[in-house]
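There are 2 protein chains.
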Amino acid sequence: MTEPDLLNEHRHDAEESSYELERSDVAAILDAVERGDQAALIARMEPLHAADIADLLEQISTSERRKLIHLYDREFDGEILSELDESIRDDVIATLRPEVLADAVRELESDDVVDLIEDMTEHQQDAILDVLEDSDRVAVEQSLTYPENSAGRLMQREVVMAPEHWNVGQAIDFLRGHESLPEQFYHIILVDPRLKPVGNVTLGKLMGSRRDVLLWELTEDVFRVIPAMQAEGEVAYAFNQYHLISAPVVDEDERLVGVITIDDAMIVLDEEHEEDILRLAGVGEGSLTDRVISTTKQRLPWLAVNLVTTIAASLVIAQFEVAISQIVALAVLMPIVASMGGNAGTQSLTVAVRAIATKDLTGSNVWRVIRREVLVGLINGLVFALIMGVVGLLWFGSPALGYIIATAMVINMVVAGLAGTVIPILLDKLGVDPALASGAFVTTVTDVVGFFAFLGLAAAVLL
Amino acid sequence: MTEPDLLNEHRHDAEESSYELERSDVAAILDAVERGDQAALIARMEPLHAADIADLLEQISTSERRKLIHLYDREFDGEILSELDESIRDDVIATLRPEVLADAVRELESDDVVDLIEDMTEHQQDAILDVLEDSDRVAVEQSLTYPENSAGRLMQREVVMAPEHWNVGQAIDFLRGHESLPEQFYHIILVDPRLKPVGNVTLGKLMGSRRDVLLWELTEDVFRVIPAMQAEGEVAYAFNQYHLISAPVVDEDERLVGVITIDDAMIVLDEEHEEDILRLAGVGEGSLTDRVISTTKQRLPWLAVNLVTTIAASLVIAQFEVAISQIVALAVLMPIVASMGGNAGTQSLTVAVRAIATKDLTGSNVWRVIRREVLVGLINGLVFALIMGVVGLLWFGSPALGYIIATAMVINMVVAGLAGTVIPILLDKLGVDPALASGAFVTTVTDVVGFFAFLGLAAAVLL
Chain A
825 MTEPDLLNEH
835 RHDAEESSYE
845 LERSDVAAIL
855 DAVERGDQAA
865 LIARMEPLHA
875 ADIADLLEQI
885 STSERRKLIH
895 LYDREFDGEI
905 LSELDESIRD
915 DVIATLRPEV
925 LADAVRELES
935 DDVVDLIEDM
945 TEHQQDAILD
955 VLEDSDRVAV
965 EQSLTYPENS
975 AGRLMQREVV
985 MAPEHWNVGQ
995 AIDFLRGHES
1005 LPEQFYHIIL
1015 VDPRLKPVGN
1025 VTLGKLMGSR
1035 RDVLLWELTE
1045 DVFRVIPAMQ
1055 AEGEVAYAFN
1065 QYHLISAPVV
1075 DEDERLVGVI
1085 TIDDAMIVLD
1095 EEHEEDILRL
1105 AGVGEGSLTD
1115 RVISTTKQRL
1125 PWLAVNLVTT
1135 IAASLVIAQF
1145 EVAISQIVAL
1155 AVLMPIVASM
1165 GGNAGTQSLT
1175 VAVRAIATKD
1185 LTGSNVWRVI
1195 RREVLVGLIN
1205 GLVFALIMGV
1215 VGLLWFGSPA
1225 LGYIIATAMV
1235 INMVVAGLAG
1245 TVIPILLDKL
1255 GVDPALASGA
1265 FVTTVTDVVG
1275 FFAFLGLAAA
1285 VLL
Chain B
825 MTEPDLLNEH
835 RHDAEESSYE
845 LERSDVAAIL
855 DAVERGDQAA
865 LIARMEPLHA
875 ADIADLLEQI
885 STSERRKLIH
895 LYDREFDGEI
905 LSELDESIRD
915 DVIATLRPEV
925 LADAVRELES
935 DDVVDLIEDM
945 TEHQQDAILD
955 VLEDSDRVAV
965 EQSLTYPENS
975 AGRLMQREVV
985 MAPEHWNVGQ
995 AIDFLRGHES
1005 LPEQFYHIIL
1015 VDPRLKPVGN
1025 VTLGKLMGSR
1035 RDVLLWELTE
1045 DVFRVIPAMQ
1055 AEGEVAYAFN
1065 QYHLISAPVV
1075 DEDERLVGVI
1085 TIDDAMIVLD
1095 EEHEEDILRL
1105 AGVGEGSLTD
1115 RVISTTKQRL
1125 PWLAVNLVTT
1135 IAASLVIAQF
1145 EVAISQIVAL
1155 AVLMPIVASM
1165 GGNAGTQSLT
1175 VAVRAIATKD
1185 LTGSNVWRVI
1195 RREVLVGLIN
1205 GLVFALIMGV
1215 VGLLWFGSPA
1225 LGYIIATAMV
1235 INMVVAGLAG
1245 TVIPILLDKL
1255 GVDPALASGA
1265 FVTTVTDVVG
1275 FFAFLGLAAA
1285 VLL
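For the record, the sequence lines run as chains A and B.
Residue numbers are given in our numbering: position 130 of the first sequence equals residue 954, and the series is strictly consecutive.
Residue numbers are given in our numbering: position 184 of the second sequence equals residue 1008, and the series is strictly consecutive.
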């Protein structure tokens, strides 16, 4: 396409300017802490956002963190607590003086308090709830009655609503006469006389319309109502799929009880992705700030599962000890067949797990996807069979060995495509998170099939 | 905590109510297509959001898709094009009648047109640009002058701004007198006389304040300005980290040129996560709707890399052919050492790759994280060394074999923790995406070290 020459200067790569905390800033802050210089510490921390301060506290050592909190004292903002990773939150709360903690918690919105205390013991929860004002405490307690990870926990209870028959002028007068509007709101929710939400009007549309226009003429095309009991992952999916900015939340009787905004949905989306990645790698719920012992404990079960599956594969090898003792080349080549199958299986598996999570793999296309994965396994299997056949021949001078490894490779990569797709689909049907469990099953299959096909063919043909 | 009894009914798990397309709906739509019943098709499609229609088109077969599009004809909405996966977009565009395509494209906002055509050839781009009105075409062409994946491509060019010295009354009068406000906007951006953005005021605050209040008294606490050349991944990070709803975009002279809203940032965040997951699994840029041949091509390079690394491991085994021919148990047990190291390495690697992506792994904590991973590897290594030592002893009746596999296991899992952390950090320092390349390096290290430690010790001790 043609473009004005003067704009050509833009045509280089997008910049990777960074939001990362500068190492020099961290050093200066730690230096102030070391010297006990409160004024310098406060001055250095002042330009930082609460989320950046939370990151800083996560990145320094435990003793540095405690010293910093003692020195920072009354400056400690409630929002830092909301932003902190759970793994160090308890330690930070225990380090704060009770008065500072009380002030910090009182600054928070009720949904942030819920997020803060939902994983605490009842005793700890009560200690925090006691410092809240009555109205806030009731709001928090009501949110906690909804199940964890539900829309009811995620929503704000403050909503701006208007009767469906109002016009723009009435709505503007109502808003301008309102005592305390919520800090952040983007829509007016139209409700029927039974408080059932029937539409959304953006503030922008309201501002841009004549006073006598009826509100329902201005409602957004896309309008989704979220049940309070809906899982938060589904809520995030709806926001992402339908590009929602905010959505009303309703109880079982379809009455408006709250509102969820896109920023909350974005946080959930981010957490769900993170969980999926970590689960696929067998890391569970790990975080960078977990200590050695808890990290070891998180990873141990996954390694134990892997030990069992790899011993299963070894049992297959043990059946062919005679063949291996006569042709040692088999021991040299057998990991190649298993490893290629394992990799191909992981590829299919990851695509399937993601497609299930994004609802792209459904009853309508499941057979087409399985067929595709098997065909991809077959073609790649043929390519690498050819290569390995030649390598086997040149390396060990045995055409038979070349044929055998080539055949085993094709078999294992077809099985990998099949297992990598079918196993996560079956687990999902059984209600098990496929990201959590598929990996171990798929590599067991590819290990067992790989060793069995290669060593079995060799024993049959070469002995 | 105490809670009112009447609310106890909420206390069960969050519901997994689903946004997935119902198989029966898809069947009904395909049935209408098969019968050539346009009225039935349009009636069935009417309640669906463009994003759901795009999902539907992705899930059915190519021939069904083409028939559906022919029958749906003029009803085809431009937004469906924006929502479609790139892998089938070209086919859909080629299937649409030219008049229908022109109408569809004309309905789109300029940033959606940019997203639609940025990966097309110049010839295809020109064909689309030709159907646009002059002002839209200029807007699209200007966006295309910014590099791909930059804030400049992501932003909308329509902004609502006000001089910094205005009061609430002036702003409200300006908005209410404005001819055409953007469809979606949430803030008024305050600018200085040089058009440099100096603050954000939410429409909600504006509505809730007296007419004589100055706008700058109402500005949001958190205000971030995005350079137009910034990479979109960084933009998404800023929105997620600082909970932004919208942010002004500026050129090199710090003048306001556009605005990015959180819904665009959410899409980018989602894409970046997806990319990370697929890259970690060696799948590259794959999508579920890619055809067999392109999927095969995407996955082949990764399998080729794996073949090279696994042959490297086999070369290590080949050095110990004499030992294996004398003690076949070595061939049976050696995959266990390599596999446990590979899994432990993948665990460390995934945590490190994610921590780098979320800017949680920095100069301030890199040594602490490496130390932690090595210690975790050591402890888990000792646990599994004990187990495998006993298994080795019981299975093969040789205490020496038990000692050897235990020692090799500890060595390999410590190395796995070290390699799994150091390799992604080094790749990141070299400007290579660690998600893309770390896996192959780490498993090569754990395979080679695992086989070498186990077989080497065995050769030294047992022969």
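In case anyone wonders, no lab produced these hints; they're calculated from the structure.
Every value quoted in this text rests on a predicted model; they were computed, and no experiment measured them.
Hints should not be assumed to be uniformly reliable.
According to the in silico footprint, chain A covers these stretches of chain B (three or more CB under 8 Å from chain A) [claimed, not checked]:
1. 856-870
2. 922-934
3. 992-1003
4. 1018-1026
5. 1132-1146
6. 1241-1251
Result set (SDA-like, lysine to any residue): computed pairs, CA atoms no more than 20 Å apart in a straight line [claimed, not checked]:
7. K1121/B x I1194/A
8. K1183/A x L1112/B
9. K1183/A x R1115/B
10. K1183/A x E910/B
11. K1183/A x L1217/B
12. K1121/B x L1199/A
13. K1253/A x R1115/B
14. K1183/A x I884/B
Positions of the beta carbon are idealized from the N, C-alpha and C atoms, including for glycine.
Outcome of the hint check:
1. 856-870: violated (count 0)
2. 922-934: violated (count 0)
3. 992-1003: It holds, with 4 qualifying residues against the three required.
4. 1018-1026: Three-residue rule not met by the segment 1018-1026 of chain B, so violated; n is 1.
5. 1132-1146: It holds: at least three residues are needed, and the segment 1132-1146 of chain B offers 7 whose Cβ sits within less than 8 Å of chain A.
6. 1241-1251: violated (count 0)
7. K1121/B x I1194/A: OK: K1121/B and I1194/A at ~18 Å, within 20 Å.
8. K1183/A x L1112/B: holds, 11 Å
9. K1183/A x R1115/B: Holds, because 19 Å separates the two Cα atoms, which is no more than 20 Å.
10. K1183/A x E910/B: holds, 17 Å
11. K1183/A x L1217/B: violated, 48 Å
12. K1121/B x L1199/A: Holds, at roughly 12 Å.
13. K1253/A x R1115/B: Distance ~26 Å between K1253/A and R1115/B Cα, so the pair is violated.
14. K1183/A x I884/B: holds, 14 Å
Hint violations for this structure: numbers 1, 2, 4, 6, 11, 13, all remaining hints satisfied.
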